[in-house]
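Q: One letter stands for each residue in the lines below.
There are 2 protein chains.
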Amino acid sequence: MRKALAIDVGGTKIYYTLVDENGRIIADVRKFHTPNEYNDIIKIFSDIINEYENQVDVVAFSTCGAVNNSNDKILGSTGNIASEYPSTDFKALSNKPVFVENDANCAAWAEYSIGASKGFLNSVMLTLGTGVGGGIIVNGKLLKGKSGAAGEMHFKMRNDKHRKCTCGSWDCFEIYCSGTGLKLTGVEISNDKNITTYDIIKGKEDNDPTMLKIFEQWQSDIIDGVVGLANIFDPDIVVLSGSMAEFVDVDFVTANVNNQIVTTPTKVVKALAGNYSGMIGAALLAFRKGF
Amino acid sequence: MRKALAIDVGGTKIYYTLVDENGRIIADVRKFHTPNEYNDIIKIFSDIINEYENQVDVVAFSTCGAVNNSNDKILGSTGNIASEYPSTDFKALSNKPVFVENDANCAAWAEYSIGASKGFLNSVMLTLGTGVGGGIIVNGKLLKGKSGAAGEMHFKMRNDKHRKCTCGSWDCFEIYCSGTGLKLTGVEISNDKNITTYDIIKGKEDNDPTMLKIFEQWQSDIIDGVVGLANIFDPDIVVLSGSMAEFVDVDFVTANVNNQIVTTPTKVVKALAGNYSGMIGAALLAFRKGF
Numbered sequence: 003m004r005k006a007l008a009i010d011v012g013g014t015k016i017y018y019t020l021v022d023e024n025g026r027i028i029a030d031v032r033k034f035h036t037p038n039e040y041n042d043i044i045k046i047f048s049d050i051i052n053e054y055e056n057q058v059d060v061v062a063f064s065t066c067g068a069v070n071n072s073n074d075k076i077l078g079s080t081g082n083i084a085s086e087y088p089s090t091d092f093k094a095l096s097n098k099p100v101f102v103e104n105d106a107n108c109a110a111w112a113e114y115s116i117g118a119s120k121g122f123l124n125s126v127m128l129t130l131g132t133g134v135g136g137g138i139i140v141n142g143k144l145l146k147g148k149s150g151a152a153g154e155m156h157f158k159m160r161n162d163k164h165r166k167c168t169c170g171s172w173d174c175f176e177i178y179c180s181g182t183g184l185k186l187t188g189v190e191i192s193n194d195k196n197i198t199t200y201d202i203i204k205g206k207e208d209n210d211p212t213m214l215k216i217f218e219q220w221q222s223d224i225i226d227g228v229v230g231l232a233n234i235f236d237p238d239i240v241v242l243s244g245s246m247a248e249f250v251d252v253d254f255v256t257a258n259v260n261n262q263i264v265t266t267p268t269k270v271v272k273a274l275a276g277n278y279s280g281m282i283g284a285a286l287l288a289f290r291k292g293f
Numbered sequence: 003m004r005k006a007l008a009i010d011v012g013g014t015k016i017y018y019t020l021v022d023e024n025g026r027i028i029a030d031v032r033k034f035h036t037p038n039e040y041n042d043i044i045k046i047f048s049d050i051i052n053e054y055e056n057q058v059d060v061v062a063f064s065t066c067g068a069v070n071n072s073n074d075k076i077l078g079s080t081g082n083i084a085s086e087y088p089s090t091d092f093k094a095l096s097n098k099p100v101f102v103e104n105d106a107n108c109a110a111w112a113e114y115s116i117g118a119s120k121g122f123l124n125s126v127m128l129t130l131g132t133g134v135g136g137g138i139i140v141n142g143k144l145l146k147g148k149s150g151a152a153g154e155m156h157f158k159m160r161n162d163k164h165r166k167c168t169c170g171s172w173d174c175f176e177i178y179c180s181g182t183g184l185k186l187t188g189v190e191i192s193n194d195k196n197i198t199t200y201d202i203i204k205g206k207e208d209n210d211p212t213m214l215k216i217f218e219q220w221q222s223d224i225i226d227g228v229v230g231l232a233n234i235f236d237p238d239i240v241v242l243s244g245s246m247a248e249f250v251d252v253d254f255v256t257a258n259v260n261n262q263i264v265t266t267p268t269k270v271v272k273a274l275a276g277n278y279s280g281m282i283g284a285a286l287l288a289f290r291k292g293f
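Just so you know, the sequences run in chain order A and B. Mapping to my numbering: the first sequence position 103 is 105, numbers consecutive. Mapping to my numbering: the second sequence position 278 is 280, numbers consecutive.
Since the hints were made in silico from the structure, they are not lab data. Every clue listed holds true.
If you want the footprint, here are the derived chain B segments under chain A, 3+ residues with CB under 8 Å:
1. 66 to 78
2. 132 to 141
3. 146 to 152
4. 225 to 236
5. 257 to 264
Straight-line alpha carbon distances no greater than 20 Å define the calculated SDA-like cross-link-like pairs of lysine to any residue that follow:
6. A/K204 x A/V250
7. B/K269 x A/G78
8. A/K163 x B/K163
9. B/K215 x A/D162
10. A/K163 x B/Q219
11. B/K185 x B/S171
Where is the CB? At the ideal position from N, CA and C, for every residue including glycine.
Chain A extracted, bound-state conformation (with noise of 0.2 Å):
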């Protein structure tokens, strides 16, 4: 059976493990912090994959970032991480072939493969946690437009300018519906600048009315977005993940949003795969590339 090196590299953390083909991991889950200096990055990626290469088929990167259509560079730049990062030629990094896909492409194809969207041929992952990213999986295939950097969700919740998002741009799903986006809801609703996501779910769950007002204009903005994305795909299902998707009632989500779309009834549920679904998806990525 092949195996797989996976690596996660996201903006605070990188962890690897190995990766079968059936989607298990199979080796200790180890991590670093992702180092400020992009020479301390590499020098990481350097030391695991001298560890691990001679063991695996492939090293397979689920990284932050837009990801090529050829699955081996990041286009644009990616936020949180050094800067130097997107230049980051992978292929050099093994003697292995090397696969890269963006986080949240491999941790929806984690789902559709072992988890919540399994044997869903159309499906959406929105992965709600300090930002908001998104995996989109049309008749079986990763949606990936034209140059790799499809499954954004930097789709409009309002047309007057209102709240900046962190991609430049107003009023994006992103920015209203992740965690930062329930704690600007919440200051906006409170008026208490100091407010944290942790006040506004403690208090919701005590029936603190502002709290509870809070989170309730958070979810209505999920169903929101939901329902456009529903009326777009006309996905089997949308299943949920990262941090603040626990926070979520899926099936008030669901029943509001069947009440208002045009297309067919869908499904709303949580994620399956597990806090390593990105590595997962990853490898089972580069698997079915051939590797």
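On the provided structure of chain A, position chain B as indicated by the hints.
A: Okay, now just chain B, sitting in the frame of chain A:
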């Protein structure tokens, strides 16, 4: 060379003609006003088909309403046409094979085959008319979703239930960026309930400041919508068709979209396949399916 009898079914008109494998119209285009009574619609179909079916390889319908993945049935309701219409058994209408597809999907396919998006594997087409239609091509295939209903341009432009959409929900792209949307934006900005799209377009051409403001808001909403679609699909090209498309400044829209998206640059252009692109696309899709 194969030939199709192509029939375009809309809420107000039914057109028909013959189309060949090259997407050329090879007979006069004739039309009927769409009757209010379902039986009269079926009578028209029968008359047309009886006249032409012996000359063609397939009968190809471009129709209002979402169409299933087998291209033989309409899904759900279809707005301003006899309520029994969606239940039509299209296959029973002819001794020749019958193929059915949604009109916006057909038009998108015509643009991809012989029009503005020819040669581009990833495109989004928006038909800006009384409503808004959508047809999306991903990697050279029509985006259909699990049931065939994908490509509906009912994603939200606001999150405060401001403007009721024809679909029953609120604030969809369609109700802002259609001709109807331009009029409603006009009413909001001018406070004149009787304002027409003609007043707005004429006034804008005469540099009337209020009419310019209305038009610019409408075009800004189109930009907002295209930004979201470009971030989701990373398309090579976005094609605007329909009666309202001629008023859009596509170079301005392209520049403003590319200024905001996180994916790679795209291009917004006007459709080229002509007024009968629905029939052309229906025929070409039918031939592609092997009829």
